Amino acid sequence: MTIDASKTVAASLNGWVREVHAEEVWGTVVTFDVRDETLDGGAQAAIAEAAAYLHQVDAWFSTYRMDTPITALRSGIATMDQMPAVVRDVLERCAVVRDLTHGVFDPWAVSGGVDPSGYVKGWAADIAADMIVARGYQNVAVNAAGDVTLRGYQSPDQPWIVGIRHPDDPMAVVRTVEALDCAVATSGEYERGKHILDPITGTTNVKLTSATVVGPDGGLADALATALVITGVDGVEWFAELPDWSAYLIKDGNASFFGPAFEVIAHNETSTGSTP
Amino acid sequence: MGDTVYGKVQVTIRVSAGKVTALAATFAEPHSLVSKSLSNAAMLQLRNEVITAQSASVANVSGATYTSAAFKVSLQSALHAAGLA
Chain A
0 MTIDASKTVA
10 ASLNGWVREV
20 HAEEVWGTVV
30 TFDVRDETLD
40 GGAQAAIAEA
50 AAYLHQVDAW
60 FSTYRMDTPI
70 TALRSGIATM
80 DQMPAVVRDV
90 LERCAVVRDL
100 THGVFDPWAV
110 SGGVDPSGYV
120 KGWAADIAAD
130 MIVARGYQNV
140 AVNAAGDVTL
150 RGYQSPDQPW
160 IVGIRHPDDP
170 MAVVRTVEAL
180 DCAVATSGEY
190 ERGKHILDPI
200 TGTTNVKLTS
210 ATVVGPDGGL
220 ADALATALVI
230 TGVDGVEWFA
240 ELPDWSAYLI
250 KDGNASFFGP
260 AFEVIAHNET
270 STGSTP
Chain B
0 MGDTVYGKVQ
10 VTIRVSAGKV
20 TALAATFAEP
30 HSLVSKSLSN
40 AAMLQLRNEV
50 ITAQSASVAN
60 VSGATYTSAA
70 FKVSLQSALH
80 AAGLA
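Those protein sequence lines, which keep their order, are chains A and B.
FYI, the numbering for the first sequence is 0 to 275, going by numbering that gives the first Met the number 0.
FYI, the numbering for the second sequence is 0 to 84, going by numbering that gives the first Met the number 0.
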């Protein structure tokens, strides 16, 4: 089944208008979608400001550039004391997530030095979305290459609906979730192959095809999705201790889910057939 | 309001400064074993389904991190570009 994008977008707007933008940054594309009954020219300016911030994030956190603080830290040229406050803050957050996941999310376990990339993308999406909200535009979606931060609504009285990508079909979704002022992040290896290290076993053998999490924080969502792909359902125990979080786990064509996000939206779903 | 194995659930989310500060799930027709809120035990109750494609009026797609090249052939890209000149 292929989704007709024009019809889907028209249905998702349900009479509202939108301002969209796609920003090439971090070796990928981040999309912005701002909506309301009417929008003025300020929406475009607000998106541009948020997009510029993503490039600033790249200038702090890119491990592919030689001129960033994180590269200086990784190579031993600089110490933590010499890091900008924002870098220290993010690394402190990563340490908290490492504890939350019982060491499964561990930016310090990779070779080549500390790499907070698994947290930064979702963290930056939250900040970008909130920058646009601060300019007076309440209905915002920022999709950072698959990690989505949502604020407000997609159409009158309808919270944003996020689809979870089918692992075998880039044009299909397997489940939808209503996301009111929260983040939806997914981790898996169907896009970029084996790249996720299990710091506990030291191997790259992950347990799931994909893991999607829904919760109130984009950076945490990004990291938790990666941790759940590594641990599979074994991670459910520590995950379930986190209030307000839900997960949707896919393994070999079957899905398991838990948490309020997936319990309450079932009535809104329309099954339209199966895909390969 | 939605139907779950635990009965009808009404979920209320409170937001302050863009952050979810409270998510209350109350049961309109509570199951005898479940009280007022979704407990950790309830969250641990994994439910299973065979995955099927759904569209509804989806506005964004969450998936594993894609490259710029992969974005061009993604549903997210199609939803982004729909209606643009």
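Rather than coming from a laboratory, the hints here were simulated on the basis of the structure.
Hints should not be assumed to be uniformly reliable.
A short, non-exhaustive set of chain B residues, derived as facing chain A with CB atoms under 7 Å [what the hints assert, rightly or not]:
#1 N59
#2 T64
#3 F70
On a predicted model such as this, the values are computed, not experimentally measured, just so you know.
Where a beta carbon is used, it is the ideal one built from N, C-alpha and C, also for glycine.
Taking the hints in turn, this is what the structure says about them:
The interface hint given for N59/B is met, as the beta carbon of that residue sits about 5 Å from the closest beta carbon of chain A, less than 7 Å. A hinted interface residue such as T64/B counts as satisfied when its beta carbon comes closer than 7 Å to some beta carbon of chain A; here the least separation is about 5 Å, so the hint holds. Nearest Cβ of chain A to the Cβ of F70/B: about 4 Å, under the 7 Å cut. The hint holds.
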